[in-house]
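Number of protein chains: 2
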Amino acid sequence: MDSKNESIDSTVETATTSRRGFLGKGAMVSLAGAGVVLGLAGCKEDGPAGKATAAPGKAGAADGGHVAPGQLDTYYAFISAGHGGEVRVLGLPSGRTLKRIPVFNTDCMVGWGVTNESKAIMGTKADGSLRYTTGDTHHVHGSYNDGTYDSRWLFVNDKIHSRLARIRMDIMECDKITAIPNVMGFHGIFPDKRDPVDAAINHTTRVFCGAEFHIPLPNDGRDLDDPSKWGCLFTCVDAATMEVRWQCRIDGNMELLATSYDGKLAAATQYNTEGGADLAGMMSAERDACVFFDIARIEARIKAGSFTTIGGSKVPVVDGRKLANADPKTALTCYVPVGKNPHGVNASPDGKYFVCAGKLSPTATVIELAKVLQWFNGELKAPRDSVVAEPELGLGPLHTAFDGKGNAYTSLFLDSQVVKWDVALAIAQFNGDKSVKPIIDRADVHYQPGHGYASMGETKDADGKYFNSGNKFSKDRFLPVGPLHPEAEQILDISGAKMVLVSDHTAYPEPHDGIIVKREFVKTKQVSLMTDFPNAVTAETAGIERKGNKVHVRLMSQAPSFSMPVIKVKVGDEVTLTLTNLDKVEDLTHGCAIPNHNINFIVNPQETKSVTFKTDQAGAYWIYCTHFCHALHLEMRSRLLVEA
Amino acid sequence: MDSKNESIDSTVETATTSRRGFLGKGAMVSLAGAGVVLGLAGCKEDGPAGKATAAPGKAGAADGGHVAPGQLDTYYAFISAGHGGEVRVLGLPSGRTLKRIPVFNTDCMVGWGVTNESKAIMGTKADGSLRYTTGDTHHVHGSYNDGTYDSRWLFVNDKIHSRLARIRMDIMECDKITAIPNVMGFHGIFPDKRDPVDAAINHTTRVFCGAEFHIPLPNDGRDLDDPSKWGCLFTCVDAATMEVRWQCRIDGNMELLATSYDGKLAAATQYNTEGGADLAGMMSAERDACVFFDIARIEARIKAGSFTTIGGSKVPVVDGRKLANADPKTALTCYVPVGKNPHGVNASPDGKYFVCAGKLSPTATVIELAKVLQWFNGELKAPRDSVVAEPELGLGPLHTAFDGKGNAYTSLFLDSQVVKWDVALAIAQFNGDKSVKPIIDRADVHYQPGHGYASMGETKDADGKYFNSGNKFSKDRFLPVGPLHPEAEQILDISGAKMVLVSDHTAYPEPHDGIIVKREFVKTKQVSLMTDFPNAVTAETAGIERKGNKVHVRLMSQAPSFSMPVIKVKVGDEVTLTLTNLDKVEDLTHGCAIPNHNINFIVNPQETKSVTFKTDQAGAYWIYCTHFCHALHLEMRSRLLVEA
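Heads up: the protein sequence lines correspond to chains A and B, in order.
Numbering-wise, the first sequence is residues 1 to 644 according to the working numbering.
Numbering-wise, the second sequence is residues 1 to 644 according to the working numbering.
If you are wondering where the hints come from, they were derived from the structure by calculation, not from laboratory data.
One thing to keep in mind: the hints can contain errors.
One copy or two, it doesn't matter: identical chains are merged, so the pair holds either way.
[Unchecked claim] As a list, the in silico SDA-like pairs of lysine to any residue whose alpha-carbon atoms are at most 20 Å apart:
(1) 119 / 133
(2) 229 / 279
(3) 125 / 612
(4) 614 / 548
(5) 547 / 274
(6) 614 / 596
(7) 614 / 128
(8) 176 / 195
(9) 229 / 370
(10) 614 / 126
(11) 340 / 308
(12) 119 / 307
(13) 547 / 439
(14) 475 / 519
(15) 475 / 73
(16) 475 / 201
(17) 229 / 641
(18) 475 / 72
(19) 176 / 226
(20) 570 / 223
(21) 475 / 525
(22) 352 / 385
(23) 570 / 120
(24) 176 / 618
Bear in mind the structure is a predicted one, so any value in this text is a computation, not a measurement.
With these hints in hand, go ahead and build the complete structure from the sequences.
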């Protein structure tokens, strides 16, 4: 199957066709390729009736995707990079990648995983090498104040090694990584928006983390052959200290998370509530659930000392499984039945609803939070009674976004569409009004959308301007680059009645969730203070200090020179080089590479970074500046002389 | 200096102003900030007279930078990523990043640096860990056939560890990395275009590599205190085998390289011909050089056995220093004096000239290759007589590109401009015609351009459509993202008399050189053959094989399942997992992550990859698919059970 791209059909690129004819049946066949019957109600190859192609973007339209040279974007997007392990910062609507923030991956440009400071954040083994160099980020969310972003922090998960990372928004760098004990497949994540008890605390103080894979508890070799004994924990991390506060054991596997604007509830969609360990087992139940957590009750229970711990972990664990929570008045959790193997759960900006996307059910389930609270108060007969709508949307609903005007936008993976629907009309329909049609519009996207998110859509300030569709397959949408395709992200203008596709852009695999933040909400620091770095080198401390075979080289940079032209050490030394960038001009970053010693890192203006390395071979090594700084940048180098 | 971005001046973004007022004097002050006097003839803060702002791109213009959704780009750009260590593939004019090709860096998305196959290419230490995880790519060039790109290979340097990498163009993955002995600061690189002797070989068979930093030869601890004894080698690598063929010692430090279309000559710009070891020493000479190599003579010399070797290296080395090459008729090298500390050297598409950019001289030097050959034949009095033009262009000329219509485009770092000039007019002026004005146009770029390159500009097919300006500072050009700014790349439409700026796009620091290739010249392979992988797993070979504590797990993927739901091993095993992706559909890539074992990698359709890891802790670990593949992607997992 050597399908060489011998020629590109030039008719394709001149027309702004959506090229759906290339897919259609073929895509469905490939998706069912492994012989799995999806078992979807209403599944038909041509998808549901009524779909319409989104109008292609009009280049040059005031609201189009083109941002002319000299213009700034109006939004930031903070997007997880999947198993690239990083977080990306984009400008929208242009799609320009403004920054990559290395988190769980290494990045030899900035020196993430190279400098001592980054290694301390990432975590090391006894020998000083990095514990992990891989990660899988899925969900990026910002910290809140009064129901909207406060530009303090971003939080992001690592699904491979079950770690939570925090990013400082002012400098857009990761400052903390916390390993979560006794979980695997940490997937969903959401910060809280308000304290569940103290109403004066109207900002993020907790981050909730959902585990997708059930494992033996503790995972020390026990119960390997009996997955029915395995379990999943819902975890609460302190946003300020990044310490794990508590965990709650639940039934089933958790997918995505949402939190309420009043701080009282968090919830996670769940598949595999049946506790299966293989594909068939994970799909046997006809309904799965959205599990709600009563945060105040859980914390009261723990405060009362009524908890256990697991293995060597000291984190308090409470039991949130169904059997232990049959009485609503004391229950920590409430399992609301929703469509089979649901995926996303998203909070509406009015604070009233959580919407669960069905994935293997062609529906979304709208849950009214006030009713869930009624259930916890013993005032609602059954959890399912909190469901107030369940519109049929199409095939493979995955995620839902909101425009703040009462409309929801749900991605349909199998239909390769985004469907716009009216939440109030869906509720009316669910209540028996057969005259209403909740679905307002459908837009084709290219192809197989996963996450979709709207501008400010996860805040009370949802503004209904843009929707970003993170598409899992790009197929023929971009120039071919060999077997590995980029993913396709598409920006839809959702400010009108009909969705308008304004731009396609590529994403290095694999983007998952993201948030779109109005630029006014992002406050950055463009130049650090030298005093932010306790190990800053000054004219007084600069130089070489030796203690036995440990040598500390304290160096400064100022374009186009390092402060010492010659640095002499000996073979067998353990050298720590600390570098402070004396330059104060914004953007005047220097790099520092040491040939044959696997060192490169940067120092932004007024910053200090350090590296430690062994000198195991005599010779001369030119330390040089790698980050273009000056007309004499290439001449900016010092000699590291390693004497035998 | 806590310069928080409290508010963004909204007047800035509505006008497509070039915002040069923000810089001007300030930039000059910062660039001279370390007290270095640039000593430029004609240096004045406002730059040379006659500069004009490039017209901002008209969004929606047929030749603009906006590529509407559904449209394909018309060009590929292959761009080095500097100390990010990778190569990037962009579509132009959109600026979409189509792919990142990890080379000297690690990439936990594809598993570069994780899989056994990638580790073998990158190089490992005795303990199996990677030797280097950092790199600094500067120059990417494609292989040639008949003077234009043949879509076989890309070559790229690593300046930190002096390695040459090759990328297969069909799959756009690195397939070879060669360490170059006895050099440091390997910077310039260029493939040859034709054999210097056998005219029938009209394609790339050699890659030339220039070393920038002089070091002791060999670099084993000798001569540490006497840099006057240090030296630099020019290296020839075999393009097919990637073995080092020969080296030639020269005087001075080499910057960039160029090769002639007839295959006879290669050349490198040189600064520090004075052999200085610090900044002042490197700038003392008033002129530096462009050193030419007579390839046929060097190879004849080596064939005759007249060479030495250095240290443990078996690579033949000839002496190309000035003193040893005084007689033109036997000389291996010819040192043509050019402006002080020159930077780029570029070959004109008509095959006649190399143009050296002055950097610390406000000029470009045009060297006629026929005259250099005359010198080698003893028919030209002095090397400098090969200079046929030396137009004054502006401050900080770094690189020159060509449009195939007789015009050259030189980047001016200090002036933040691209200057378009007519080569024939410059020659006429040099010959004494005072009436001609070689400079045709100037375009402001934002800010401080380094490399600039034109569409097909380094081939005989130069088409004069686009010029990409890789700018080293973006300053206020994009939304702020903290202390580390993206670089700015700008696309100019050069098809008319005046250059037109059509788009700004960002680049993760730090882009250097690149090439722009018409899409018709790029032939990719979208799906591999399973037989391309000798270790492919089939239904017959799949399963678990144990030899002592070495366990080989042979696994297959087919959406949405791995072939074994349970894989049992024991604590202390060394497990090799080989995974073949049975899916054949283009773009149907799977990922394979193993929690707590630092494993993630992908397998594209029909590909096979392997990883080896130790199992040092009993427990259950869910191997899961990280690359979205199917509606049941999240359910695609297997249990790795590690028994105590």
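Hints, one by one, checked against the model:
1. 119 / 133: both (10 Å within a copy, 14 Å between copies)
2. 229 / 279: within (18 Å within a copy, 69 Å between copies)
3. 125 / 612: both (15 Å within a copy, 19 Å between copies)
4. 614 / 548: within (14 Å within a copy, 36 Å between copies)
5. 547 / 274: neither (62 Å within a copy, 38 Å between copies)
6. 614 / 596: within (11 Å within a copy, 28 Å between copies)
7. 614 / 128: both (12 Å within a copy, 18 Å between copies)
8. 176 / 195: neither (22 Å within a copy, 56 Å between copies)
9. 229 / 370: neither (34 Å within a copy, 82 Å between copies)
10. 614 / 126: Both, since 16 Å and 16 Å are each at most 20 Å.
11. 340 / 308: For residue 340 and residue 308, the Cα distance exceeds 20 Å both inside one copy (32 Å) and across copies (74 Å).
12. 119 / 307: Cα proximity of residue 119 and residue 307: none, with 34 Å in one copy and 47 Å across.
13. 547 / 439: neither (73 Å within a copy, 61 Å between copies)
14. 475 / 519: Intra 32 Å, inter 17 Å, cutoff 20 Å: inter-copy only.
15. 475 / 73: between (28 Å within a copy, 15 Å between copies)
16. 475 / 201: neither (48 Å within a copy, 38 Å between copies)
17. 229 / 641: between (60 Å within a copy, 15 Å between copies)
18. 475 / 72: between (30 Å within a copy, 12 Å between copies)
19. 176 / 226: neither (36 Å within a copy, 46 Å between copies)
20. 570 / 223: between (54 Å within a copy, 15 Å between copies)
21. 475 / 525: Cα proximity of residue 475 and residue 525: across copies only (14 Å, versus 40 Å in one copy).
22. 352 / 385: within (15 Å within a copy, 82 Å between copies)
23. 570 / 120: Classified as neither; 27 Å inside a copy, 31 Å across copies.
24. 176 / 618: neither (37 Å within a copy, 28 Å between copies)
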